[in-house]
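A.B. asks: Order-wise, the sequence lines are chains H and P. To convert a position in the first sequence, counted from 1, into our numbering, add 230. To convert a position in the second sequence, counted from 1, into our numbering, add 3.
Just so you know, these hints were derived from the structure itself, not from any lab. Even for Gly, the Cβ is constructed at its ideal location relative to N, Cα and C. One or more hints might be untrue.
[Said to hold, decoys possible] Short, incomplete list of chain P residues facing chain H, as computed with Cβ under 8 Å:
1) D141
2) G143
3) T146
4) R153
5) R219
6) V225
[Claimed, not checked] In silico BS3-like links for lysine-lysine, alpha-carbon gap of 30 Å or less:
7) P:K334 - P:K68
8) H:K376 - P:K29
9) P:K208 - H:K547
10) P:K79 - P:K343
11) P:K29 - H:K307
12) H:K307 - H:K297
13) P:K319 - P:K303
14) P:K301 - P:K319
15) P:K301 - P:K105
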Amino acid sequence: MSPELLEIVVWIVKVHVIFLGMVGVAAITTLAERKVSAWMQYRHGPTRVGPQGLLQPLADGVKFIFKESLVPDGANKWMFRFAPALAAGPAMLTVAVIPFGPDVTLFGVTTPFSIVDLDIGLMYILAIGGLSVYGVIVGGWASNSKYSLLGGLRASAQMVSYELSMILAILSVVAISGSLDLREVVMQQKTLGEWNILYQPVAFLLFLIAAFAETNRHPFDFAECEPELVSGFHTEYSAMRFALFALGEYCAMVVMSSVAVALWFGGFSVPFMPEAHWTLGILAFCAKVTCFLFFFLWVRWTLPRFRFDQLMNLGWKVMLPIALVHLFITGAVISFAPQLKSLWNGLVNGAS
Amino acid sequence: MTTKQVFEYMHHAPDHDDPVHGAPMKVNMGPQHPATHGVLRLAIELDGETVTSIDPIVGYLHRGKEKTCESLGWHKFFPHTDRLDYVQPLLNNVGYALACEKLAGIQVPQRGQEVRVLLMELSRVMAHLIYIGTTSIDLGAVTIFFYSFRLREELYSILDAYTGHRMNNTYVRIGGVYADVDENVEGMVAEFLRTAPARLDEIEKLLTANRIWHDRNRGVGVISVEDAKRLSLSGPNLRGSGLAYDLRKAQPYSGYETYDFDVPVGTVGDAYDRYLVRMEEMRQSLRLCTQALERLKKSKGADVLTEDRRYVLPPKGDVHSSMEELIAQFKIVSDLRLPKGEAYHAVESSKGELGFYLVSDGSSKPVRCHIRAPGLMNVQAVPVLGRGRLLSDMVAIIGGLDFVMGEVDR
Chain H
231 MSPELLEIVV WIVKVHVIFL GMVGVAAITT LAERKVSAWM QYRHGPTRVG
281 PQGLLQPLAD GVKFIFKESL VPDGANKWMF RFAPALAAGP AMLTVAVIPF
331 GPDVTLFGVT TPFSIVDLDI GLMYILAIGG LSVYGVIVGG WASNSKYSLL
381 GGLRASAQMV SYELSMILAI LSVVAISGSL DLREVVMQQK TLGEWNILYQ
431 PVAFLLFLIA AFAETNRHPF DFAECEPELV SGFHTEYSAM RFALFALGEY
481 CAMVVMSSVA VALWFGGFSV PFMPEAHWTL GILAFCAKVT CFLFFFLWVR
531 WTLPRFRFDQ LMNLGWKVML PIALVHLFIT GAVISFAPQL KSLWNGLVNG
581 AS
Chain P
4 MTTKQVFEYM HHAPDHDDPV HGAPMKVNMG PQHPATHGVL RLAIELDGET
54 VTSIDPIVGY LHRGKEKTCE SLGWHKFFPH TDRLDYVQPL LNNVGYALAC
104 EKLAGIQVPQ RGQEVRVLLM ELSRVMAHLI YIGTTSIDLG AVTIFFYSFR
154 LREELYSILD AYTGHRMNNT YVRIGGVYAD VDENVEGMVA EFLRTAPARL
204 DEIEKLLTAN RIWHDRNRGV GVISVEDAKR LSLSGPNLRG SGLAYDLRKA
254 QPYSGYETYD FDVPVGTVGD AYDRYLVRME EMRQSLRLCT QALERLKKSK
304 GADVLTEDRR YVLPPKGDVH SSMEELIAQF KIVSDLRLPK GEAYHAVESS
354 KGELGFYLVS DGSSKPVRCH IRAPGLMNVQ AVPVLGRGRL LSDMVAIIGG
404 LDFVMGEVDR
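Starting from the given sequences, assemble the full structure and let the hints guide the process.
C.D. replies: Shown next, in the form of structure tokens:
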């Protein structure tokens, strides 16, 4: 086999591993959600399908496929059918630029372990990820149900309140690393002392809060909000269309966790082992993402839900000013770094 | 243009002409809705997410309980009182029994009263745990629901061992309670009283100082003492507004005047105050249970049911050996008569003043039975508290007012 052909084969294998792995992780997360919540609530969770209920996602998937997919009377049929894809598609597309591992050597071909390394990876994630809210809005509007409509409206109100501070929080990291390429950002955090969380903890907290809103997760799941809106935007959805919304949500969770890991927690770098093998790198990345996913679940099953105007207050009146000031300070420190350094040296020398 | 269209146009003319707001959206919350705690239907008009008008529609669970009482007879109604506010069956039992006893002028033996107090206070804890569980699930804290229900499960086990049923106990009789407590049950109650405060603390740790819980409840559904009185609210909803009115103190029954307990009150009168009042009431109930348990230890062996053969079944052993007792048993089962007259007696249920008004013409069936269900008054307050608030606040208001539709619709 010629080297070029081999490279293409390796690339195709890589794409499949990452993409299917992603969907698999999303499916496992649904099981984890049920198991973790059960453990928190003195329950067992699913135990019947497979050992310890491990095959439950598979059973769910089969059920979703074979259920009847209802389209309500009076719904805008095409929009109704299109919305789940609009919600799940962007979440899956954003997976493409996540650097899951360092350079991988397979069959003598060395390739970075991500589907594509974009120079503007972060921009791509924000742009594509932002589209997923349209799935919620369109789904809510097309259902011809008042509860769904309110869910969709809430999603749009939510979107405008957190997205800005999220972008500003990410920009702070971009400012100190000087790159929009996620792999580049990760490569700058090889050792524990270089992890951005040490330099940008405030930005991380802002991002974390916004990530919950971005993924429509509790305590910001207003679009769904079952006690008020029955089931919010997906009240009228059933079968695989409903599953696509869920898949989109869990994929978005994985992507947001991956972005947080890559930007603040050294991505695939292994603590105390800067020259670790690539398998260890991938494992480290997965472990870090797992911690974040658990955090998502932990919060969901612990906290009460915000009111949606309270999120807007939080977004506009608290997070946005903090993010702006934070970005300003970050920029100032970077611009005046030499002067600050000489000032510091002067002070130290003067004192001694 | 047909008449109907003209009418609709006139009806909504100002709204249609308003380019900003348009016509208000009508939403039916319930009767099958996760947040309405049963089959309450709220016809809500929304302007955006702001509630402009609420019309609570009750009656989906109407089973004609009052009429049932009038056709069944005096003591056969006890199982039906269980099904009024089904989260606290024993409290309803006692309320009805007290009204009957007032009518007949029966004095319940001391030990019978102590057992009743113990059962009533355990029921109050059960009912308040339902409030905590369902309200927190409405506000998104799903795990609290399981925490409170786990605690409640222990109470169910106690009642199961005590009365033979987990729910719908039908344990109280006219003139006392069905049977005495045994020592196993006393041990179970003592164990519960030992462990429960820590569990309540656990729930409070997750909610009371939680910023989100605070923000969702503070300032939501504020009602002044005057308005609360005007709506005849009672129980924790009235006390949440700041009036220390508790029937156990105001019109003591079953010997409550001899117990030592506090009546917690709120300051603002919002959902958060009502939550705090209920949390504290659970602790006070545990205090009352501790006292009742001590008294039960002292009065061991005494009667729990009065000896009055006109109203109370004779002991089963005597029925088999004595002709008079057999006749007495037959008369009571087939044709129990309460004296002519009328009586109203109210107890402090977990929802407020639960009153039974009974009219007797001296026959074996009441002429009139009216149940003053506190839950119905609480439903009345929903439109007052909810108007002008957001849809999300509705669940906090409904949860905070705490009603059970079995009692509201009767």
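A.B. asks: Each of the hints needs a verdict: does it hold here or not?
C.D. replies: Results of checking the hints against the structure:
1. A cut of 8 Å between beta carbons decides the hint on D141 (chain P): the least distance to chain H is about 4 Å, and the hint holds.
2. Taking 8 Å as the C-beta cut-off, the interface hint given for G143 (chain P) holds, the closest approach to chain H being about 3 Å.
3. With its C-beta approaching chain H no nearer than about 5 Å, T146 (chain P) sits inside the 8 Å limit, and its interface hint holds.
4. At its closest, the beta carbon of R153 (chain P) sits 6 Å from a beta carbon of chain H; the interface hint therefore holds under the 8 Å criterion.
5. With a cut of 8 Å, the hint placing R219 (chain P) at the interface with chain H holds, because the nearest CB-to-CB distance is about 6 Å.
6. Checking V225 (chain P) against chain H by beta carbon gives a least distance of about 16 Å; that is not within 8 Å, so the hint is violated.
7. Taken as a hint, the K334 (chain P) and K68 (chain P) pair is honoured in the structure, with Cα atoms around 25 Å apart against an allowance of 30 Å.
8. Distance hint between K376 (chain H) and K29 (chain P) is fulfilled; the C-alpha atoms sit about 9 Å from each other, no more than 30 Å.
9. As the CA atoms of K208 (chain P) and K547 (chain H) are separated by approximately 28 Å, the hinted pair is consistent with the 30 Å bound.
10. Distance hint between K79 (chain P) and K343 (chain P) is fulfilled; the C-alpha atoms sit about 18 Å from each other, no more than 30 Å.
11. Of the pairs offered as hints, the one joining K29 (chain P) and K307 (chain H) holds, with about 23 Å between alpha carbons and a cut-off of 30 Å not exceeded.
12. A threshold of 30 Å between alpha carbons decides the hint, and for K307 (chain H) with K297 (chain H) the separation of about 18 Å falls inside it, so the pair holds.
13. Distance restraint check for K319 (chain P) and K303 (chain P): the Cα-Cα separation of roughly 21 Å lies within the 30 Å cut-off, and the hinted pair is therefore satisfied.
14. With a CA separation close to 26 Å, the supplied pair K301 (chain P) and K319 (chain P) stays within the 30 Å bound.
15. Taking the CA atoms of K301 (chain P) and K105 (chain P), the gap is near 27 Å; set against the 30 Å cutoff, the hint holds.
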